[in-house]
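Q: Here is how the chains run, residue by residue.
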Amino acid sequence: MGREHAVEEVLEGLVAQAGSLWGQEDAERQRPGLQVSAEQIVHLSTHPIPVDLEPRFF
Amino acid sequence: MAALHTLGVAEGVALTRQGEISPVALAEACLARIEALEPALQAWVTIDREGALAAAKRCEERLQRGENPGLLAGVPVGLKDIFYTAGLRTTAGSKVYADFVPDYDATSVSRLRENGATLIGKAVTTEFATSDPSPSRNPWNAAHTPGGSSSGSAVAVASRMVPAALGSQTGGSTLRPAAYNGIVGLKPTYGRISRYGVIPVSWCLDHVGILVRSVEDAATVLQAIAGPDPRDPGSLSEPVGAYLTAVQRADTPPRIGVLHGHFADHADAETRQHTEAVAQRLAQAGAAVQDLALPPSFSTVLAAQRIIMKVEMAAFHADMFMTQRHQYRPHIRASIESGLVIPGVEYLRAQRLRRLFQDDVSQMFQAVDVLLTPATPAPAPRDLTTTGDASFQAPWTYAGVPAIALPSGLSGAGMPMGIQLIAPHAQEDRLLRAARWCEVALEVSLAPPV
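Chains as they are written, first to last, in the working numbering: chain H, 1 to 58; chain Y, 59 to 508.
Hints should not be assumed to be uniformly reliable.
Which chain Y residues face chain H? A few, computed with CB under 7 Å, are given here [what the hints assert, rightly or not]:
| hint | residue |
| --- | --- |
| 1 | 262 |
| 2 | 292 |
| 3 | 296 |
| 4 | 323 |
| 5 | 325 |
| 6 | 358 |
| 7 | 361 |
| 8 | 362 |
| 9 | 364 |
| 10 | 396 |
| 11 | 399 |
| 12 | 400 |
| 13 | 406 |
| 14 | 407 |
| 15 | 409 |
| 16 | 410 |
Listing some non-contacts, in silico: residues in chain H with all C-beta distances to chain Y over 10 Å [stated by the list, open to error]:
| hint | residue |
| --- | --- |
| 17 | 2 |
| 18 | 3 |
| 19 | 5 |
| 20 | 7 |
| 21 | 8 |
| 22 | 23 |
| 23 | 24 |
| 24 | 25 |
| 25 | 28 |
| 26 | 32 |
| 27 | 39 |
| 28 | 54 |
Please keep in mind that the hints were generated in silico from the structure rather than gathered at the bench.
Since the model is a prediction, treat every value here as computed from it, not as a measurement.
Note that the Cβ used here is the ideal one computed from N, Cα and C, for glycine as well.
Could you build the full structure based on these sequences and the hints that come with them?
A: Written out as structure tokens, the structure reads:
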């Protein structure tokens, strides 16, 4: 799956979530901000993480 | 003697202790300076004239009785308007908090008071310490952004309204405005200064920051307010260092690793050339300067920092936002809207990547004492619709390691330029020692034309 397609897929998921919270019209208004988040999510998904690595919050 | 409002922290404390100046006179001088410049610079939300003069009077009486009023005896200090102050309005630059009056002090505020500081008032912050620009103006040139989010704190210190102010940093909100205004900004290790009573942006990323005009002043304020706090779950347990001693014994040239990659690629030509010239000058003064590469995990830093920040911001604001979202300005509103729908799995991926980068950062200091980058990609932009670019400061906030911005010269357009030094986790004494050495070697002290 190409990066552009992956971003589009993630974006549609975020827009759908926003639509369930605020309604479809409002979710469309949010699309530019959600696009940035979708790109960030896809960018991070390409970086390998050791399977046993736990997060450290503080 | 210099005009009282121009005295730095260490200088003011020394003269106060010697009985050469009165804390009340010092507070009055700063209040007069604020009165003169505030209409143009808009650095303050609230001035607590009565409270400040009462605190200064108490400090003066303690000195007269032969008591020790603390490390910050009589020092006028400003507080970014996200620090809880008992009985004093704390707006967070937001309509949502417009009338909020806390009933207790943030731990850092209590420690300032315990150390004899005179709290002058609450400085302007961008809304909830995020990226919608504030009304504050850069004292070097009002057409350029003062940066943010600690905009009022930086403007107040640069324009000699106060010698010190507290800010905060989640991405680059202390070091960036410090660099844009030609002053020193210190962000210690995550948890070194308690965040209890500081309105959060993002619990895992928020740091209390210090804005002053010299490295010695940064060490003095840090010494006064650093330390564990059981009320802050992120509080650092490692012992507080001897920061004042560190800056007084800064005679050994540091080993400096200059970072390129992102920091060269994203700096403008003038900043790149300036930073190279600074590194050369430090090497000529005796520092061991070498180039260092960034680890592969650096490529994830900026995206992961944003994902964590948006989700945690949304978690803090969720309830208020559901009922009052039209009170929020566009940038913060978009961030919260995104944070509300980013999947939990993606948030945790970002947190795991953060740990990878933290581990990589700790390996970067094997042959150097500190890292060096430009403080910002360019001097303060001539644009009041932005607070500037946080991408040079955010990696170190995300890693939780201490960093400091130092003024290093002026651009061709007459705006401040700065360098950033970074040290390993919990090594503020190392950072301050190296920064003091660089400060002496560079001999740069900037004052805006106001």
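Q: All hints are to be evaluated individually against the structure, with a verdict given for each.
A: So, going through the hints one by one against the coordinates:
no. : hint : verdict
1   : 262  : 6 Å, holds
2   : 292  : 4 Å, holds
3   : 296  : 13 Å, violated
4   : 323  : 17 Å, violated
5   : 325  : 22 Å, violated
6   : 358  : 5 Å, holds
7   : 361  : 4 Å, holds
8   : 362  : 6 Å, holds
9   : 364  : 6 Å, holds
10  : 396  : 4 Å, holds
11  : 399  : 4 Å, holds
12  : 400  : 6 Å, holds
13  : 406  : 6 Å, holds
14  : 407  : 6 Å, holds
15  : 409  : 4 Å, holds
16  : 410  : 5 Å, holds
17  : 2    : 18 Å, holds
18  : 3    : 13 Å, holds
19  : 5    : 18 Å, holds
20  : 7    : 12 Å, holds
21  : 8    : 16 Å, holds
22  : 23   : 13 Å, holds
23  : 24   : 14 Å, holds
24  : 25   : 14 Å, holds
25  : 28   : 12 Å, holds
26  : 32   : 8 Å, violated
27  : 39   : 8 Å, violated
28  : 54   : 7 Å, violated
Of the hints listed earlier, those the structure fails to meet are numbers 3, 4, 5, 26, 27 and 28, in rising order.
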